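Per the UniProt record's numbering, residue 1 is the first one in the first sequence, and the count goes up by one each step.
Source of the hints: derived by calculation from the structure; they are not laboratory data. Treat the numbers as computed from the prediction; the structure is a model and nothing was measured. There's no promise every hint is true.
Capping the alpha-carbon separation at 25 Å, the derived lysine-lysine pairs in DSS-like fashion look like this [unchecked claim]:
#1 K305 with K323
#2 K323 with K241
#3 K241 with K280
Each pair of labels, with its calculated beta carbon distance range [what the hints assert, rightly or not]:
#4 N302 with Q18: 49 to 59 Å
#5 R60 with P5: 37 to 47 Å
#6 K305 with G155: 49 to 59 Å
#7 K305 with C201: 50 to 60 Å
Think of the CB as a built atom: it goes at the ideal place given N, C-alpha and C, for glycine as much as any other residue.
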Amino acid sequence: MMLKPEYFQEVVLNWQAQYGRHDLPWQQHITPYKVLVSEIMLQQTQVKTVIPYFQRWLARFPDIASLAAAAEDDVMSCWQGLGYYSRARNLHKTAKYVVHELAGEIPKTPAELREVPGVGPYTAGAITAFAYNEPGTIVDGNVKRLFARLFELEGNLNTGARHRELWELVERYTPTTNNRQFAQGLLDLGATICTPRQPRCQECPLQLKCKAFSHNTVNEFPQRFKKSPLPTRSGYFVLNKSDAGIVLEQRPADTIWPRLWALPELVDEDTEAPVLGRFKHTFSHYKLDAVVYQGAEFKTNNLTKRFAIDQLQDIGMPAPIRKFIEQHLLKPADNN
DNA sequence: GATTCGTGGAG
DNA sequence: TCTCCAAGAAT
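Given the sequences, and given the hints that come with them, work out the whole structure.
So this is what it looks like as structure tokens:
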């Protein structure tokens, strides 16, 4: 290895101590529970987005026992708007599992953590390192980018084989001590210095060791590949408003927005009912063009319920549905 | 291995 | 507005 692991570790640790982030909410009075919650929330989600959710979550479910004892509706309500809702249900499952089967102790080793629902290879290593300060390898988007540039790793690192290769490379550079600080250092370097665009190479402690920097190819790594444009789907929803509130439907577990409360959805368009409004929404894998009908009849096998307006803040609703409803309740259309 | 799963920050 | 992509995991 051209770059000695001992040197790399020393650089990352020293840089983290001096320039890394130390004021994130989940870094204060660290407990395994805080680390678990934060790591699940941070999956594919930016730190800035997570912080207010994390604060509210800890206020509502201060420890793993309170989460285990919570009702699913409360859990989904607290997660609403954060996306990837299976994370919330898995976290709830995990809390029950840990409280009832593991005497409240969150597992410590990556292997044991992998048995936990919603915990994959990254999160297992992260919890081990951050919660217990024990050796845990982490490969996320930050680490992938940093190593891709440091060693000019070519090709698509997202394939199974290349990802395993990258994982083993990072593993060889992961120390057996100072695990928490090292893991934080990797993430902080990726998030604040080795950024996707306009990286701050002048401030990077690894500048002289970085192959991409030396070849002036930093912006070419990690190599990007074209993705096909997102398909567009249509959605048809019903908003039935009365003085008593609005009717919502709890969505089935096998749809987008599983088990959230949303406007009842029609399988087809309704050419009879008046159109109240439309909205567009972009998911990770398709675009939604939605039509909302006013007072359309619908039949459903799902649970439906009428909610008063002031109840809506306490239930888990998809972000775009909530936005649409708020717009039309605050500024009701008078075009009928 | 390819798909599915949300939402919003930032350029 | 459009694009990339974010402390990924499950199926």
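Comparing the hints with the structure gives:
Distance restraint check for K305 and K323: the Cα-Cα separation of roughly 19 Å lies within the 25 Å cut-off, and the hinted pair is therefore satisfied. This hinted pair checks out: K323 and K241 have alpha carbons roughly 16 Å apart, not beyond 25 Å. Between K241 and K280 the CA atoms are separated by roughly 21 Å; this keeps the pair inside 25 Å, and the hint holds. Taking the beta carbon of each, N302 and Q18 are about 55 Å apart, inside 49 to 59 Å as hinted.
Checked against the given bound of 37 to 47 Å, the beta carbons of R60 and P5, roughly 42 Å apart, stay inside it. At about 51 Å, the beta-carbon gap between K305 and G155 stays in the expected band of 49 to 59 Å. Hint check: K305 to C201, Cβ distance near 55 Å, so the stated range 50 to 60 Å holds.
In terms of the numbered hints stated before, the structure departs from none.
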